[in-house]
Amino acid sequence: MSDGAQGDGHGAGRNEADGNPAEARQAGSISDVTKEGQQGIRPSREALVGAQDLTGGERPGGNGAGADAGKRHGKGRHRRGRARGRKGEQTMVPEAEFTSYYGRPVLNQPAWQPLNIAGYFFLGGLAGAGSVLAAGAELSGRPVMARALKVTSTVSVAGSAAALIHDLGRPGRFANMLRVFKPTSPMSVGSWLLAAYAPASFVATLCDAGGKLPRIGRTATVGAALLGPAVASYTAVLAADTAVPGWHEGYRELPFVFVGSAATAASGMALAASPLAENGPARSAAVAGTALENAAMKAMERRLGLVAEVYREGRGGRWMRAAEALSLAGAAGAAVLGGRSRAAAGLSGLALVAASACTRLGVFHAGLESSKDPKYTVVPQRRRLQERERSQGGQRLSGTPER
Amino acid sequence: MTESIIGRNLLAGPENDPAGDAGHGEHPPRVGFFTDTSVCIGCKACEVACKEWNAIPEDGIELSGMSYDNTQGLGASSWRHVAFIEQSKPVGHAHADVDHSDVDVLALAAQGSGTPPEEAAVTPTTPPEAGSEERGELRWLMSSDVCKHCTHAACLDVCPTGSLFRTEFGTVVVQEDICNGCGYCVPACPYGVIEQRPDDGRAFKCTMCYDRLGAGQEPACAKACPTESIQFGPLDELRERAEARVAQLHEAGVGDARLYGHDPEDGVGGDGAFFLLLDEPEVYGLPPDPVVTTRDLPDMWRHAGAAALTLLGGLAAVFAAHGRNDALKWRIRR
Numbered sequence: 001m002s003d004g005a006q007g008d009g010h011g012a013g014r015n016e017a018d019g020n021p022a023e024a025r026q027a028g029s030i031s032d033v034t035k036e037g038q039q040g041i042r043p044s045r046e047a048l049v050g051a052q053d054l055t056g057g058e059r060p061g062g063n064g065a066g067a068d069a070g071k072r073h074g075k076g077r078h079r080r081g082r083a084r085g086r087k088g089e090q091t092m093v094p095e096a097e098f099t100s101y102y103g104r105p106v107l108n109q110p111a112w113q114p115l116n117i118a119g120y121f122f123l124g125g126l127a128g129a130g131s132v133l134a135a136g137a138e139l140s141g142r143p144v145m146a147r148a149l150k151v152t153s154t155v156s157v158a159g160s161a162a163a164l165i166h167d168l169g170r171p172g173r174f175a176n177m178l179r180v181f182k183p184t185s186p187m188s189v190g191s192w193l194l195a196a197y198a199p200a201s202f203v204a205t206l207c208d209a210g211g212k213l214p215r216i217g218r219t220a221t222v223g224a225a226l227l228g229p230a231v232a233s234y235t236a237v238l239a240a241d242t243a244v245p246g247w248h249e250g251y252r253e254l255p256f257v258f259v260g261s262a263a264t265a266a267s268g269m270a271l272a273a274s275p276l277a278e279n280g281p282a283r284s285a286a287v288a289g290t291a292l293e294n295a296a297m298k299a300m301e302r303r304l305g306l307v308a309e310v311y312r313e314g315r316g317g318r319w320m321r322a323a324e325a326l327s328l329a330g331a332a333g334a335a336v337l338g339g340r341s342r343a344a345a346g347l348s349g350l351a352l353v354a355a356s357a358c359t360r361l362g363v364f365h366a367g368l369e370s371s372k373d374p375k376y377t378v379v380p381q382r383r384r385l386q387e388r389e390r391s392q393g394g395q396r397l398s399g400t401p402e403r
Numbered sequence: 404m405t406e407s408i409i410g411r412n413l414l415a416g417p418e419n420d421p422a423g424d425a426g427h428g429e430h431p432p433r434v435g436f437f438t439d440t441s442v443c444i445g446c447k448a449c450e451v452a453c454k455e456w457n458a459i460p461e462d463g464i465e466l467s468g469m470s471y472d473n474t475q476g477l478g479a480s481s482w483r484h485v486a487f488i489e490q491s492k493p494v495g496h497a498h499a500d501v502d503h504s505d506v507d508v509l510a511l512a513a514q515g516s517g518t519p520p521e522e523a524a525v526t527p528t529t530p531p532e533a534g535s536e537e538r539g540e541l542r543w544l545m546s547s548d549v550c551k552h553c554t555h556a557a558c559l560d561v562c563p564t565g566s567l568f569r570t571e572f573g574t575v576v577v578q579e580d581i582c583n584g585c586g587y588c589v590p591a592c593p594y595g596v597i598e599q600r601p602d603d604g605r606a607f608k609c610t611m612c613y614d615r616l617g618a619g620q621e622p623a624c625a626k627a628c629p630t631e632s633i634q635f636g637p638l639d640e641l642r643e644r645a646e647a648r649v650a651q652l653h654e655a656g657v658g659d660a661r662l663y664g665h666d667p668e669d670g671v672g673g674d675g676a677f678f679l680l681l682d683e684p685e686v687y688g689l690p691p692d693p694v695v696t697t698r699d700l701p702d703m704w705r706h707a708g709a710a711a712l713t714l715l716g717g718l719a720a721v722f723a724a725h726g727r728n729d730a731l732k733w734r735i736r737r
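Chains as they are written, first to last, in our numbering: chain H, 1 to 403; chain Y, 404 to 737.
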């Protein structure tokens, strides 16, 4: 069962637990009684009785268990969730009331490191969209841009795989990823995709750089361009195919955010690496990618409702705002000055690449935040139950049998 | 292909034979846990038995300030977790029908035990004060949480290595010699059960004592439970038993009693380990309406496919609009 490598984990690294909940628990950072008093308590998060009227009084009075139990419990049973929102900021969703178990998250948080996983998303996007641009550039007679993007795609996909392997709990067992092919596991599909795409990208780069075997090079270039969009978009499914509310509930828009961001990154790289004479398509792609990314992001926030907070506030919000500012500045720079000044094109390109990285970090942190706060798990599920209950004509909550 | 999977409810919905559909030909009936929290006394014998039997390492000994719960949650090294909830609310079935709120217990104690019944402030037969709403009673909910061994297990579905698998008993188990610690199962679980062990890297969770099941034994936690709060057996039988128990409690006036995770129609196709709770699930730290994330996976792949085509088509359109590079055209013409 469990092998010999156990025990003595306790006490190690008491203060450096960041991210991993088990480490955090080991380090005693989650509500602990110490000589200095209680630490990490969250007074607004006591385990509260009952679960009626969780959604701020939207429930029509007098139906089912809620109203009945509400009478039983009396008033003052529910307290507000964490006071939220910076001053002056208007949230679209009214403050939600909910119960939880001492404010503890319902979900366990992934132990994924932000730089590894956001980096894996970012580099995968840069590589995938880059291969499409490279093929387009090659076929339309833009050899400098084509070669530059082939190189960056190959380097990026290698970096992406390295980040993924580095994040494994047992990196030595990476090959187990290719032990089975499971369409139900986006990580399995992704591993196989990378296993096909990376060699194609590598061969395309090699043939181009060496100037040999042009036919094989062309085939590899086109192959990488056909696989590239899948490499850029599957990572959205990888994130969305989890119970993390900030990712799962946005599964319809997240792939478009990701391919938009990928196009932004790759066109930024193209702008930075190609001469003025060749960068026309890159400028257009930068504008299109930025538009797609930001529009999809807005649509996703609308769908997420309460959960959209994690994309507006905290760490996730900061990265998303940086991404928006950088991408808009980069796209504007590319459109207006990118055709005239090499320096302006280069700067705009770098801003676009940075914007894409910020988007991935923002999405990563927003998802993590949404899995840490029980509010984002409990309140939407409660609403779902209430809606179902309402559509079934005021029956008791589905968790409550009628018998 | 996805249609046939959805049609047979292999991703979500009611599923009668998870072990059979996982490829086990002849297999024993699906087994599970029914945890009746109304009789849990919070002794944590299940936690201890689980740790002992499965040789799970210690994962922190500290005081949480959360009633008697210092385990705090399920994780890589806590496969059973007893939750403690203190509520000022009468417990239905233990309801004495008396109001103790104005009783000074210490004064009574000072009086000694010689109080004649007519002078006693409260006797078990004293009727409750008319119209009194405020009750001084406290109820202490305890519940032993565990991996739900979902009919549609997201952890199993998303595992890229096949390390997580469905056993012949219909339970879900991690093969530790295959797990490469990718950690994907951790955020996939809608209940927050499975977790990576920090100093080990691999993911761990309840196996429903797969080794004991194979030898015809019941899992260690159920074996150790002194009140039969944790009941182990064939799932069909447990579901019947649970329905009867809820009816019994409702009859006894415990209107709060409800089953959780018993329904094959729910978002995960029903749990292999389900519960009788005395309050809403979220009070115990359980999600009120969990859904297996892979229910939406076909739709996710469709959206990702559309996005990929958008990228390919969009960039192709960009190049088409810009045409061949003029400089090259010029070079060719010359």
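You may find that some hints are simply not true.
Claimed, not checked - If you want the ones that stay clear, here's a sample from chain H, every Cβ over 12 angstroms from chain Y, calculated:
(1) Gly-211
(2) Ala-239
(3) Ala-286
(4) Arg-318
(5) Leu-328
(6) Leu-347
(7) Arg-382
Said to hold, decoys possible - Here chain H is said to cover these stretches of chain Y; the calculated rule only asks that three of the stretch's residues, wherever they fall, bring their Cβ under 8 angstroms from a Cβ of chain H:
(8) 415 to 422
(9) 434 to 445
(10) 545 to 556
(11) 569 to 578
(12) 620 to 628
(13) 634 to 641
No lab work stands behind these hints, which were simulated from the structure alone.
Keep in mind the model is a prediction, meaning the values are calculated, not measured.
Cβ atoms here follow ideal geometry from the backbone N, Cα and C, with glycine treated the same way.
Each hint tested on the structure:
no.	hint	in the structure
1	Gly-211	17 angstroms, holds
2	Ala-239	9 angstroms, violated
3	Ala-286	10 angstroms, violated
4	Arg-318	22 angstroms, holds
5	Leu-328	19 angstroms, holds
6	Leu-347	21 angstroms, holds
7	Arg-382	5 angstroms, violated
8	415 to 422	violated (count 0)
9	434 to 445	violated (count 0)
10	545 to 556	violated (count 0)
11	569 to 578	violated (count 0)
12	620 to 628	violated (count 0)
13	634 to 641	violated (count 0)
The structure does not agree with the numbered hints 2, 3, 7, 8, 9, 10, 11, 12 and 13 stated previously, though it agrees with the rest.
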